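Novice: When you get a sec, could you build the whole thing from the sequences and use the hints?
Letter by letter, the chains look like this.
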Amino acid sequence: MKENLSTLEKETFKLLFDKYFDDLRRYLFYRSGNDDLATDLAQDTFLRIWEKQIDVDPKTAKGLLFKIANDLFISRYRKEKTAFNFFNTFEPNSNNLTPEDEINYQQLKDAYETALKTMPEKQRTVFLMNRIDEQTYKEIAQQLDLSVKAIEKRMSQALDHLKKNLKTQITHLVLFIMGLGFNRHKI
Amino acid sequence: MNNNSAHNNIDHQSKAFFAGGTFRWKTDKEQVWSAVEKAMAQKPAGRRLVLGMRRSILAMAAVLLLLIGLGTFMRLYTVRIDNPVGQHLMANLPDGSSVYLNADSYIEYNPYWWQLKRQVKFEGEALFEVQKGKAFEVISVNGRTEVLGTSFNIYARETDYAVTCLSGSVKVTAPSKNSVVLQPQSKASVQPDGQIQVQHKIETLPEISWKDNYFRFTASPINEVFREIERQYGITIKTDIAKQSLYTGSFNRTNSIDQVMEIVCPPMGLSYQKQPGGFYLITQNNE
Chain A
775 MKENLSTLEK
785 ETFKLLFDKY
795 FDDLRRYLFY
805 RSGNDDLATD
815 LAQDTFLRIW
825 EKQIDVDPKT
835 AKGLLFKIAN
845 DLFISRYRKE
855 KTAFNFFNTF
865 EPNSNNLTPE
875 DEINYQQLKD
885 AYETALKTMP
895 EKQRTVFLMN
905 RIDEQTYKEI
915 AQQLDLSVKA
925 IEKRMSQALD
935 HLKKNLKTQI
945 THLVLFIMGL
955 GFNRHKI
Chain B
-1 MNNNSAHNNI
9 DHQSKAFFAG
19 GTFRWKTDKE
29 QVWSAVEKAM
39 AQKPAGRRLV
49 LGMRRSILAM
59 AAVLLLLIGL
69 GTFMRLYTVR
79 IDNPVGQHLM
89 ANLPDGSSVY
99 LNADSYIEYN
109 PYWWQLKRQV
119 KFEGEALFEV
129 QKGKAFEVIS
139 VNGRTEVLGT
149 SFNIYARETD
159 YAVTCLSGSV
169 KVTAPSKNSV
179 VLQPQSKASV
189 QPDGQIQVQH
199 KIETLPEISW
209 KDNYFRFTAS
219 PINEVFREIE
229 RQYGITIKTD
239 IAKQSLYTGS
249 FNRTNSIDQV
259 MEIVCPPMGL
269 SYQKQPGGFY
279 LITQNNE
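Protein chains in written order, with our numbering: chain A, 775 to 961; chain B, -1 to 285.
Don't take each hint at face value.
[Stated by the list, open to error] Each computed BS3-like pair below joins lysine-lysine, with the alpha-carbon atoms no more than 25 angstroms apart:
| hint | chain 1 | residue 1 | chain 2 | residue 2 |
| --- | --- | --- | --- | --- |
| 1 | A | Lys836 | B | Lys209 |
| 2 | A | Lys883 | B | Lys24 |
| 3 | B | Lys209 | A | Lys793 |
| 4 | B | Lys209 | B | Lys119 |
| 5 | A | Lys841 | A | Lys937 |
Hint data in this document are derived by calculation from the structure and do not stem from the laboratory.
It should be emphasised that the depicted structure is a prediction, and the values quoted were computed from it without experimental measurement.
Specialist: Shown next, in the form of structure tokens:
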């Protein structure tokens, strides 16, 4: 009797994996900007659940996974210095962009890479969960066990950060392109 | 205004930039699953659980060991209060009982075991005022006294052991296992042959007058008197008195040692001589 209650069946475990692995890996990737680290930690999180035979309640499964992942992340990531390579793994959809942005696509990517890298981890995670996963503030708040107010604040801080960091780069870029055009005229 | 629009621009731009992008993971989900499956086979489910139980047994053992260690410490930890010659000292015990120690006396007890057993090792002379409670036991070489809650005076020096009960009742046991229960105003003295001699309805005040610095002797061997003076003043007395005479009289500790000698010696036909290093030489007067 007791065995049945506490034993995690392989089938249940597989369902859990299929349902949440992607979310978990993306979350870890937003935090670290590192593909290998995110994949490893997501894998280890599931293995930990399996080894400890944690009796998973489907309602709280996601929160539990995120909590374990968070603990693993803190204990490991803080020790290792991992490289931040966001756009090695993530490819934006350039069709969405305005024509100007499309022209400067590579430069824009570089500018975002630098801005995301310097953005505080907490802001970055919230920002990307909202922009890429298109999750609402409420959903993010639930997932990270924070208040909606906290998410709003982080989001606004993230936009401020981007504004400051992208503007200088893009201004340079615009000047550079203008300069290029001007030079062409001269020729 | 401008600031706001810049904010909005970033907002719009970043939305357009990030939404609908694709991830190019080095390892896809299926590959991760097969790695997980492999690891699952190596670490079968439930193994950790057994380890966890073993660990909890270890933890329990550690806690048990710690408790035993703590218990042993509490049992054996001893406080010794030594009162040297020439001083009186009031010692308090953990339950509020107090011991008024005469000069050259000591007590020893286990403060952390006190709740379980009120037991004091003791030699010398002291007045005990014991709070009501469990049995209170005073152990000396020449006798043992048990009480519940009372006050009593013990004289346990060299081969002598005498207990005077002031209130409550006390049980005195000689090393020969003979024992007697004392009622207030009575005094038990352990004799060299192991018998206990009891005096009833005695005046108890003189028995504890030492506490108020007043020393009274009734037909006491003169050497015993000199031993008391030695203890109270921290000096050494050398005598060469041939015959053992008995002394009746008193002295007060607030007097100087020379005053005391002046009180004790002449009536007994003795003279005293002060020598360097705290020595006093007592000699018989030539008649």
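Novice: Look at each hint and say if it fits the structure.
Specialist: Verification of the hints:
1. With a C-alpha separation of about 78 angstroms, the suggested pair A:Lys836 and B:Lys209 falls outside the 25 angstroms cut-off, and the hint is violated.
2. With a CA separation close to 20 angstroms, the supplied pair A:Lys883 and B:Lys24 stays within the 25 angstroms bound.
3. Distance hint between B:Lys209 and A:Lys793 is unfulfilled; the C-alpha atoms sit about 87 angstroms from each other, more than 25 angstroms.
4. Restraint check: the Cα-Cα separation between B:Lys209 and B:Lys119 comes to about 20 angstroms, which is no more than 25 angstroms; the hinted pair holds.
5. Between A:Lys841 and A:Lys937 the CA atoms are separated by roughly 31 angstroms; this puts the pair beyond 25 angstroms, and the hint is violated.
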